[in-house]
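Just need the whole structure built from these sequences, with the hints factored in.
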Amino acid sequence: AQSVSQHNHHVILSEAASLELGCNYSYGGTVNLFWYVQYPGQHLQLLLKYFSGDPLVKGIKGFEAEFIKSKFSFNLRKPSVQWSDTAEYFCAVRYYNTDKLIFGTGTRLQVFP
Amino acid sequence: GAVVSQHPSWVICKSGTSVKIECRSLDFQATTMFWYRQFPKQSLMLMATSNEGSKATYEQGVEKDKFLINHASLTLSTLTVTSAHPEDSSFYICSAQTGVEQFFGPGTRLTVL
Chain F
1 AQSVSQHNHH VILSEAASLE LGCNYSYGGT VNLFWYVQYP GQHLQLLLKY FSGDPLVKGI
61 KGFEAEFIKS KFSFNLRKPS VQWSDTAEYF CAVRYYNTDK LIFGTGTRLQ VFP
Chain Y
1 GAVVSQHPSW VICKSGTSVK IECRSLDFQA TTMFWYRQFP KQSLMLMATS NEGSKATYEQ
61 GVEKDKFLIN HASLTLSTLT VTSAHPEDSS FYICSAQTGV EQFFGPGTRL TVL
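Quick mapping for you: the protein sequence lines, in order, are chains F and Y.
Take the first sequence: its position 83, counted from the start at 1, is 83 in this note's numbering, and no numbers get skipped.
Take the second sequence: its position 28, counted from the start at 1, is 28 in this note's numbering, and no numbers get skipped.
Heads up, simulated SDA-like pairs for lysine to any residue below, C-alpha to C-alpha not over 25 Å straight-line: (1) Y:LYS41 to F:GLN110; (2) F:LYS49 to Y:MET45; (3) F:LYS100 to Y:LEU74; (4) Y:LYS41 to F:HIS10; (5) F:LYS100 to Y:GLU101; (6) F:LYS49 to Y:ALA2; (7) Y:LYS41 to F:GLU20; (8) F:LYS49 to Y:ARG24; (9) F:LYS69 to Y:GLY99; (10) F:LYS49 to Y:LEU26; (11) Y:LYS41 to F:TYR39; (12) F:LYS100 to Y:LEU46.
Don't read these hints as lab results, they were simulated from the structure.
Given below as structure tokens:
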């Protein structure tokens with residue numbers, strides 16, 4: 001079955017620390033990959049996406065993610081987090097044979113000043 | 001651009017009543033809209049895919065007679081929770097697709113007493 005897993009359920013960091021959130025998906029052929037962020041009380045916003053080409057993609061607010069096809073992974077990174085990055089982060093996958101997005105379980109990030 | 005609105009943002013109703021939630025794409029036309037349900041501290045679970053002018057496609061385990069979806073125009077989809085029960089209390093989120101990207105609404109918090 002098509003699925004997405006996020007290994008980190010809750011991450012707590014101090015400001016300026018580096019961040020890496022894991023995301024793995026089950027094999028199912030060609031995929032589009034997404035990271036969304038949900039700030040407290042707000043709707044889901046797209047951080048970045050990968051469709052094809054350079055496997056290292058850069059998104060908004062200093063985030064980046066690397067697609068490693070051999071590992072079925074799309075990990076999210078940020079070199080130096082800020083308090084304002086406190087939010088829920090969701091990885092999502094869209095397989096080419098469907099329009100549906102399959103979401104991971106989410107990672108709650110708390111950044112302390 | 002690419003703004004999706006939902007109305008109402010929150011609703012409280014008595015058990016046994018029906019509740020309608022609207023999802024609108026404000027500045028683009030969406031042939032496909034999606035309805036999700038999000039439980040506290042959990043991920044988004046796709047309920048159904050709604051295509052303009054045709055019947056919605058429901059995910060396995062979602063009762064189509066309970067969650068009625070109407071996609072009457074390219075900018076409006078509605079979800080009606082019929083004969084609501086306390087276990088239907090949840091956060092309902094819609095998204096509208098343009099191209100291969102989905103844009104999400106702010107969600108509707110439903111509480112059934």
